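J.: Sequence:
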Amino acid sequence: VMHHSGVEAMRIGYDLLKQSKRVAFVSTRAVMAKALVEKASKLFKPDNSPVRARAYYGDM
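Residue numbers 1 to 60, in the UniProt record's numbering, belong to the letters of the sequence shown in order.
Source of the hints: derived by calculation from the structure; they are not laboratory data. Note that the structure is predicted; figures quoted are calculated from it, not measured. Heads up, the beta-carbon is just placed ideally off N, CA and C, and yes, glycines get one too. One or more hints might be untrue.
[As the list claims (entries may be wrong)] With a Cα cut of at most 30 Å, we get these calculated DSSO-like pairs of lysine-lysine:
| # | residue 1 | residue 2 |
| --- | --- | --- |
| 1 | Lys34 | Lys18 |
| 2 | Lys42 | Lys18 |
| 3 | Lys21 | Lys34 |
| 4 | Lys21 | Lys42 |
| 5 | Lys18 | Lys39 |
| 6 | Lys21 | Lys39 |
| 7 | Lys34 | Lys45 |
| 8 | Lys45 | Lys18 |
| 9 | Lys21 | Lys45 |
[To be verified] So the derived label-pair ranges between C-beta atoms look like this:
| # | residue 1 | residue 2 | range |
| --- | --- | --- | --- |
| 10 | Asp47 | Val7 | 14 to 20 Å |
| 11 | Asn48 | Gly6 | 24 to 30 Å |
| 12 | Ile12 | Ser41 | 26 to 32 Å |
| 13 | Val37 | Glu8 | 28 to 34 Å |
| 14 | Asn48 | Val26 | 18 to 24 Å |
| 15 | Lys34 | Arg11 | 15 to 21 Å |
| 16 | Val51 | Val7 | 27 to 33 Å |
| 17 | Pro50 | Ala24 | 23 to 29 Å |
| 18 | Val7 | Ala55 | 14 to 20 Å |
| 19 | Phe44 | Ala24 | 17 to 23 Å |
| 20 | Ser49 | Arg29 | 15 to 21 Å |
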């Protein structure tokens, strides 16, 4: 998902995660990254297995 507003990108990304697709979100703010992982971790795939979400932090 590229070049969308934050809210729109999150909605599209969560829809893809629910379809068992791999999604990468890039955020320059740690608070936003943490919120994305917390929300994505509550999702389940169509086969009822949990969505695995991770956040990686580093200096740019």
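J.: For every hint, state whether the structure bears it out.
T.: Status of the hints after comparison with the structure:
1. Lys34 to Lys18: With Cα atoms ~19 Å apart, Lys34 and Lys18 stay inside 30 Å; holds.
2. Lys42 to Lys18: Holds. Lys42 to Lys18 sits at ~11 Å (cutoff 30 Å).
3. Lys21 to Lys34: Holds - the C-alpha atoms of Lys34 and Lys21 are around 20 Å apart, at most 30 Å.
4. Lys21 to Lys42: 16 Å, holds
5. Lys18 to Lys39: It holds: about 12 Å lies between the C-alpha atoms, which stays within 30 Å.
6. Lys21 to Lys39: With Cα atoms ~16 Å apart, Lys21 and Lys39 stay inside 30 Å; holds.
7. Lys34 to Lys45: 20 Å, holds
8. Lys45 to Lys18: 5 Å, holds
9. Lys21 to Lys45: The hint holds at about 9 Å.
10. Asp47 to Val7: 14 to 20 Å: This hint is violated: roughly 28 Å between Cβ atoms.
11. Asn48 to Gly6: 24 to 30 Å: 29 Å, holds
12. Ile12 to Ser41: 26 to 32 Å: With a Cβ separation near 18 Å, Ile12 and Ser41 fall outside 26 to 32 Å, so the hint is violated.
13. Val37 to Glu8: 28 to 34 Å: 19 Å, violated
14. Asn48 to Val26: 18 to 24 Å: Given range 18 to 24 Å: violated, Cβ gap about 29 Å.
15. Lys34 to Arg11: 15 to 21 Å: 18 Å, holds
16. Val51 to Val7: 27 to 33 Å: Distance hint for Val51, Val7 is violated at roughly 19 Å.
17. Pro50 to Ala24: 23 to 29 Å: About 18 Å separates the Cβ atoms of Pro50 and Ala24, which means 23 to 29 Å is violated.
18. Val7 to Ala55: 14 to 20 Å: 19 Å, holds
19. Phe44 to Ala24: 17 to 23 Å: 20 Å, holds
20. Ser49 to Arg29: 15 to 21 Å: 29 Å, violated
Consistency with the previously given hints fails for numbers 10, 12, 13, 14, 16, 17, 20, ordered from lowest to highest.
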